Structure formats: structure tokens, C-alpha cells
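Everything in the sequence shown is counted per my numbering, starting at 111 for the first residue and increasing by one.
Think of the hints as simulated: they come from the structure by calculation, not from any bench. On a predicted model such as this, the values are computed, not experimentally measured, just so you know. Some hints could be false.
Within a straight-line C-alpha distance of at most 30 Å, the following computed DSS-like cross-link-like pairs (lysine-lysine) qualify [as the list claims (entries may be wrong)]:
(1) K155 - K177
(2) K212 - K229
(3) K154 - K177
(4) K188 - K201
(5) K209 - K177
(6) K209 - K188
(7) K212 - K177
(8) K204 - K229
(9) K177 - K204
(10) K188 - K177
(11) K154 - K188
(12) K229 - K201
(13) K201 - K212
(14) K188 - K162
(15) K188 - K212
(16) K229 - K209
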Amino acid sequence: MHKLQSGITYDLARYIILGTVVILYGIYIAWLDYDFEPIEFNFKKPPSFTGKLAPNNALTGAEILLKGEVHAPEALVKEGNIIYTGTGDGKYLKIVDGKIEKMVGHGSGSCFGLRRLNKTHFVGADMYVGLLLINYDL
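With the sequences and hints as input, model every part of the structure.
Take a look at the structure:
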């Protein structure tokens, strides 16, 4: 441990100098004259919950499909009674009438998106692999 001639260590000397600078800076800031006048601001009254903002119970009677069978479904594409979805474990599912008909995928990452490209193919966005071309009919 290095000491100055007065017996104070270098670390203690640094803290004393730093403390002195901070105190002097605080005194300087406190004595500054600010031309700051706060203004009062009042928010408008929030809109009432009517029209588009009215509460609804649209999902109250919803039927939960495949509870415990599908892990974190995301990016749904619904066409009539068929639902195409990607899941949190990297699988892409074709669900017909509430039953899994086809499972495509490798299970590498989570599905960030799923869109129909043409009559037979979908484009899936995977977390790790990137964009995938998916054909549920094969």
C-alpha cells in the first residue's frame, strides 16, 4: 500500500479530493440563478367508456381448444374451420375442427409470425432459423 509523506494512503487522498470536488460543485449548482417557472397542466377529462371503448364480453363464452396439448400458440391464421398456427416450441400446426391434423416443424425456436404465401404455402418467422416456407399438404 502506497502512502504519501503525511501517512495518508493514495486511496484516501482520492476520496478526499473527490468529496471536495462534489461538495464544491453542489454549492455552485445551489447558488445558480434559474429562470424556471413551472406551469400548471391539467389533463382533459378522459373519454367515457361508450362506443368503441365500451367494455364487452366477447370472449366470456369462448371455447378453449386443445388445452394442455398446444404450447404457446402464436400467429394464428384462421380459414373457416381450419386454424394454422405456430407454437412456442417451434412446431407449426394445422388444426381442423378442434383437432390437430398435421404437425410440421423441428422444434428449434418460437414462431414469431405466420402468413399465407399462396394456395399451398405459408411463410413462418422462426426465432432461430429465420423465415421458413411451410407446406402443410405434404
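Hints versus structure:
1. K155 - K177: At roughly 42 Å apart (the allowed maximum being 30 Å), K177 and K155 break the hint.
2. K212 - K229: 17 Å, holds
3. K154 - K177: 44 Å, violated
4. K188 - K201: Since the Cα atoms of K188 and K201 sit roughly 17 Å apart, the hinted pair holds (cutoff 30 Å).
5. K209 - K177: Given that 30 Å is the threshold and the Cα spacing comes to 11 Å, the pair holds.
6. K209 - K188: 14 Å, holds
7. K212 - K177: 17 Å, holds
8. K204 - K229: Given pair K204, K229 holds - Cα atoms ~15 Å apart, limit 30 Å.
9. K177 - K204: 15 Å, holds
10. K188 - K177: 18 Å, holds
11. K154 - K188: 40 Å, violated
12. K229 - K201: 21 Å, holds
13. K201 - K212: 10 Å, holds
14. K188 - K162: 24 Å, holds
15. K188 - K212: 15 Å, holds
16. K229 - K209: 22 Å, holds
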